[in-house]
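A.B. asks: Chains as they are written, first to last, in the numbering used here: chain A, 2 to 319; chain B, 559 to 763; chain C, 4 to 602.
Calculated from the structure, these hints are not laboratory results.
Where a beta carbon is used, it is the ideal one built from N, C-alpha and C, also for glycine.
Careful: at least some of the hints might be erroneous.
Selected chain C positions facing chain A (in silico; Cβ < 7 Å) [stated by the list, open to error]:
| no. | residue |
| --- | --- |
| 1 | Pro-225 |
| 2 | Val-233 |
| 3 | Gly-334 |
| 4 | Gln-335 |
| 5 | Asn-344 |
Below, simulated BS3-like cross-link-like pairs (lysine-lysine); rule was C-alpha separation at most 27 Å, straight line [unchecked claim]:
| no. | chain 1 | residue 1 | chain 2 | residue 2 |
| --- | --- | --- | --- | --- |
| 6 | C | Lys-408 | A | Lys-297 |
| 7 | C | Lys-393 | C | Lys-408 |
| 8 | C | Lys-121 | C | Lys-174 |
| 9 | A | Lys-74 | A | Lys-134 |
| 10 | C | Lys-462 | C | Lys-67 |
| 11 | C | Lys-203 | A | Lys-134 |
Covered by chain C, according to a simulated footprint, are these stretches of chain A (three or more residues, beta-carbon under 8 Å) [claimed, not checked]:
| no. | stretch |
| --- | --- |
| 12 | 208-214 |
| 13 | 237-246 |
| 14 | 274-285 |
What follows is each chain in one-letter form.
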Amino acid sequence: MNPVLHSFLVIQGVLIGLMTLAGVLVWIERRLLAFFQDRLGPNRCGPFGFLIFVADGIKMVTKEDWIPPGADKPVFVLAPAIIVITALLGFAIIPVAPGILILDLNIGILFFLGVSSMGIYSTVLGGWASNNKYSLLGGLRMSAQMFSYEVFMGLALMGVVILSGSLNLREIVESQTGLWYVVPQFLGFLIFLFAGLAETHRLPFDMPEAESELVAGFHTEYSSMKFGMFFVGEYVGVTLISALIVTLFFGGWQGPVLPPIVWFLLKTMAFLLFFVLLRAAIPRPRFDQLLAWGWKYILPLALLNLVITGAVVLAQAN
Amino acid sequence: MKIRPSIRKACSENPATVETAFYIVAVVAVLTTLRVVTHTNAVHALIYFIVSLLAVALLFYQLGAPFVAALEVIVYAGAIMVLFLFVIMMLNLGREQQEEERSWTRPSVWAGPGFVSAVLLAVLAWVISAEGTGPAETAYVGPEEVGLALFGPYLIGVQLAALLLLAGLVGASHLRRHERRTVLRDDPVSEESQSRAGPEKGGGV
Amino acid sequence: MSARIEEPTTPPETPALRDEDRSLIEALRETLGGETLPVQPCADEIATVWVPANAAREALRFLKHRSRPRFPMLYDLTAIDERSRSRRDGQPEADFTVLYHLMALEPLREIRIKVALKGDAPTVPTITGLWPTASWYEREVWDLFGIRFDGHPNLRRLIMPPTWEGHPLRKDHPARATEMGRYSLSEQRHIDEEEALRFKPEDWGMERQSDESDFMFLNIGPQHPGTHGVIRLVLQLDGEEIIDVVPEIGFHHRGAEKMGERQSWHTYIPYTDRVDYLSGVVNNLPYLLAVEKLAGIEVPDRAKIIRVMLCELFRISNHLVWYGTYAQDVGQMSPVFYMFNDRERLLGIIEAICGARMHPNWFRIGGVAADLPDGWDRLVRDFLDYFPPKLREYDGMVMGNGILKARTRGIGAFNTEEAVEWGVTGPALRATGLAWDLRKERPYGGYDQFEFDVPVAHKGDCYDRAVVRVEEMRQSLRIIRQCLENMPSGPYKADHSLTTPPIKDRTMLDIETLITHFLNVSWGPVIPAGEATGCVEGTKGLYSYHVISEKSTIPYRVRIRSSSFPHMQIIPFISRGHTVPDLLAIIGATDFVLADVDR
Chain A
2 MNPVLHSFLV IQGVLIGLMT LAGVLVWIER RLLAFFQDRL GPNRCGPFGF
52 LIFVADGIKM VTKEDWIPPG ADKPVFVLAP AIIVITALLG FAIIPVAPGI
102 LILDLNIGIL FFLGVSSMGI YSTVLGGWAS NNKYSLLGGL RMSAQMFSYE
152 VFMGLALMGV VILSGSLNLR EIVESQTGLW YVVPQFLGFL IFLFAGLAET
202 HRLPFDMPEA ESELVAGFHT EYSSMKFGMF FVGEYVGVTL ISALIVTLFF
252 GGWQGPVLPP IVWFLLKTMA FLLFFVLLRA AIPRPRFDQL LAWGWKYILP
302 LALLNLVITG AVVLAQAN
Chain B
559 MKIRPSIRKA CSENPATVET AFYIVAVVAV LTTLRVVTHT NAVHALIYFI
609 VSLLAVALLF YQLGAPFVAA LEVIVYAGAI MVLFLFVIMM LNLGREQQEE
659 ERSWTRPSVW AGPGFVSAVL LAVLAWVISA EGTGPAETAY VGPEEVGLAL
709 FGPYLIGVQL AALLLLAGLV GASHLRRHER RTVLRDDPVS EESQSRAGPE
759 KGGGV
Chain C
4 MSARIEEPTT PPETPALRDE DRSLIEALRE TLGGETLPVQ PCADEIATVW
54 VPANAAREAL RFLKHRSRPR FPMLYDLTAI DERSRSRRDG QPEADFTVLY
104 HLMALEPLRE IRIKVALKGD APTVPTITGL WPTASWYERE VWDLFGIRFD
154 GHPNLRRLIM PPTWEGHPLR KDHPARATEM GRYSLSEQRH IDEEEALRFK
204 PEDWGMERQS DESDFMFLNI GPQHPGTHGV IRLVLQLDGE EIIDVVPEIG
254 FHHRGAEKMG ERQSWHTYIP YTDRVDYLSG VVNNLPYLLA VEKLAGIEVP
304 DRAKIIRVML CELFRISNHL VWYGTYAQDV GQMSPVFYMF NDRERLLGII
354 EAICGARMHP NWFRIGGVAA DLPDGWDRLV RDFLDYFPPK LREYDGMVMG
404 NGILKARTRG IGAFNTEEAV EWGVTGPALR ATGLAWDLRK ERPYGGYDQF
454 EFDVPVAHKG DCYDRAVVRV EEMRQSLRII RQCLENMPSG PYKADHSLTT
504 PPIKDRTMLD IETLITHFLN VSWGPVIPAG EATGCVEGTK GLYSYHVISE
554 KSTIPYRVRI RSSSFPHMQI IPFISRGHTV PDLLAIIGAT DFVLADVDR
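I would like the entire structure built from these sequences, with the hints used as guidance.
C.D. replies: Spelled out as structure tokens, the structure:
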């Protein structure tokens, strides 16, 4: 096939797949939460309420798009765009299956870290530009939280990089034939999971939104599709983290019998469901507790993981 | 590690495209940096700054240093700028600050430094043109090379930087340590104590 | 409605003063310089002493610190507009009366101090220096009665909006909107009202900045997902650390006390349901206890036990709502759904018995509205079997959760002394280590017949308050089981002429009985003159109703002392130095109902 056409198709496939997935995720999450919580959830719109995401979309697009009078207009508009752009950009490096990969970048992991660190600006700027005290507090919490957990996230990944000897995600997947990295890098996996949750600010780490405290945190003042962008950005972000966990620790597309793409989707979906379960089960720690746990426990653990992995690899090499 | 020199390949195949890309990015970098200086709204200036840093990262990438480019994005654009933003958010800048900023951008303020900088720029241009440099030789510098360099010839430098950062860390945490406000929970049981913060101070809260 | 008719029975004997009260009053008299202090007999046997206005503060200081026993708790502080009273039998001349109700907990002793005031704009010295909790009570009295408290640091309206004119609980203030001028909201007035709501830190003696930082003033409420209702908490924040909190209440004020002054004794019962709207019939009980004391009605055993059972069902129902929202407030999403499901079962039982769910309005003067329906025992037994395993499950899910513990341990703590000082009662008091439950200290309404424990915890923080409430649900189950197994037979309403609705058996015999019945239904019973307080251990603390009868078909004054009011008042004291999320944990663990705060 023409390589240009091929990459065009892949990009379109990933984009459309992602946006649909984000929509379907809304439905899955609401139904699952309802299931966990002894209630029905959305069940009116389409079979099993499946079309609720279409209804949600229509609702969001048709709502009044309101910019508060005191807001910093350009920044207020810019903020929700950033989160969607960065979250989608992150998918460029995810190897979905052999041959289905937008960007075979040899600094793939660094690219992901860079893109996710850009994603912070969305919430921080959104919180600042709203000219609302709750939003500001949410933005402040967000910047401190993501700033801290970026460090742990990077450190947690380094174990995988040492083992595979590459920053390229495709090569990392390929090097996991036989043994998934979740076994030698279990600690790294846990830390990445923890940091990933903090980065995507989902319950239990949703302090920047913290409904009972900050109303809706950084997106208190957002309505209509601007809010929708935050919404989509959050779901794409969660999907990205799940996909990365699968790629880095669970052998990516690898698996017996079924075609690679199915394996990849199945594994990713499993983590998405796990995130929904976490949301249903765990209360929210206090913001300073989250930071303290991060710096006091997770950082030393991540360093320990790094040192041990390095030592073992060196010993084996000798 | 297997190096995949795709950029060099692109360079050799189509130098004109690369050059165009370079100039576009360079112009973006210069323009955004100018806006950083001239903008009166701190947050807007900061956003320009971030874009400027991203442009510089792209330049690094084009020059065959993807690792440095990534670090530029992660560390400068992603982390340090967030700290700047964090501080600015806490400062509660208003319209007055913008006015103040505006007053600083009068010609009388920037004319002097501007002139001196222009002289320096002229000298730089003269020196470069006298040397007669051609297009830079791009050599690919990947993560492995950077790592080997840092922990090889530049080990002392890395350690010194680490020490400096540690000192900074200790200093910052010391500065932040201040005496806790004396009495947060006052004693309501003492009879008629006028110092009680309850109704006496706050007024019936 | 205020027609007076001769009471059909002799009024109950006014109880004589007890010996220990007599010696206490004697000691008080000596402290105040030997002047005779008029003692007012009340139907509830609580010593009620009239003290001159200028000696009130001295008397209260004596009772708080030096008397034997000492009365460390200012239980209630309110006022009475005496200007249209006709039966004051021997009480000192007064236009207004300020009423202080003090309480000693161990052992339980109570005393009422009354201060007679003259004139249209009376003043009395403040006691905010004696009890911090007096501050809100005095502001409330100023707001509703226009009585000034000299020396109060911040005497401003508490319940009514700052722009209100007049003092609503005065007898000359209209009780209905139809008696007032037509309301219109011009644009200017709208702006003024909005401006009046603006928080000005200087008015509260607050700094806008410290040496190190500017403070942020954050309005939590009146509309906020974490406050469970309309209340405004103005936070003074340094970063996220709380420097001070100013709760602003009154958004939920419906004038429940004023309404009492124009409802018949019987038709007021539904209003009590709505004071603490999560506790349903528990609110009926203190009001009815007071009225029954005045009327001298002895409630039959079956009615007593039915009342106890319903109260305990509602205690569980209330605690379930609290349990779920408490978990919700610290960010746990799911428990609230499970607990509301369980509450749904409970409300199903209540509906089967009472015919209504949240506001059953089911207790009556002298008993309850109807006998228990057939098959009630099966419903209750099913629930008794169903619920304990659920409670164990929730223990693991909520109380055992590490994050929840980290969020609530050591947060918002106070000790027993501070609790008493601020008028805190109920589970919050028991969480400080004091095993004090009115159902044990002075059993009312048949609670002496039951075997149950008073759960306590010792640190007095948010987590301990939760521990106490969870255990209380188990004790309530015990009580309900005893009700189920030992439900006595007999009438469900007292055989007394003042019960409502009047008993019909003896009517339709001749014109006399028909007229009596007709009047008792249409006008309601005439309750003998007097004053009485009815007090119960409610779901959130002590609930009490102080009613004054003028031997009429309507109360002269109804005072509702709710427990959420002091619990809300202590929030600034326990929140300072904590952070915003902690404040939400404190609010969650306080278990207040804003209708109960504002009444």
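A.B. asks: Each hint needs a verdict: does it hold in this structure or not?
C.D. replies: Verification of the supplied hints:
no., hint, verdict
1, Pro-225, "violated (13 Å)"
2, Val-233, "violated (15 Å)"
3, Gly-334, "holds (3 Å)"
4, Gln-335, "holds (4 Å)"
5, Asn-344, "holds (6 Å)"
6, Lys-408/C / Lys-297/A, "holds (19 Å)"
7, Lys-393/C / Lys-408/C, "holds (20 Å)"
8, Lys-121/C / Lys-174/C, "holds (15 Å)"
9, Lys-74/A / Lys-134/A, "holds (17 Å)"
10, Lys-462/C / Lys-67/C, "holds (25 Å)"
11, Lys-203/C / Lys-134/A, "holds (17 Å)"
12, 208-214, "holds (count 5)"
13, 237-246, "violated (count 0)"
14, 274-285, "holds (count 6)"
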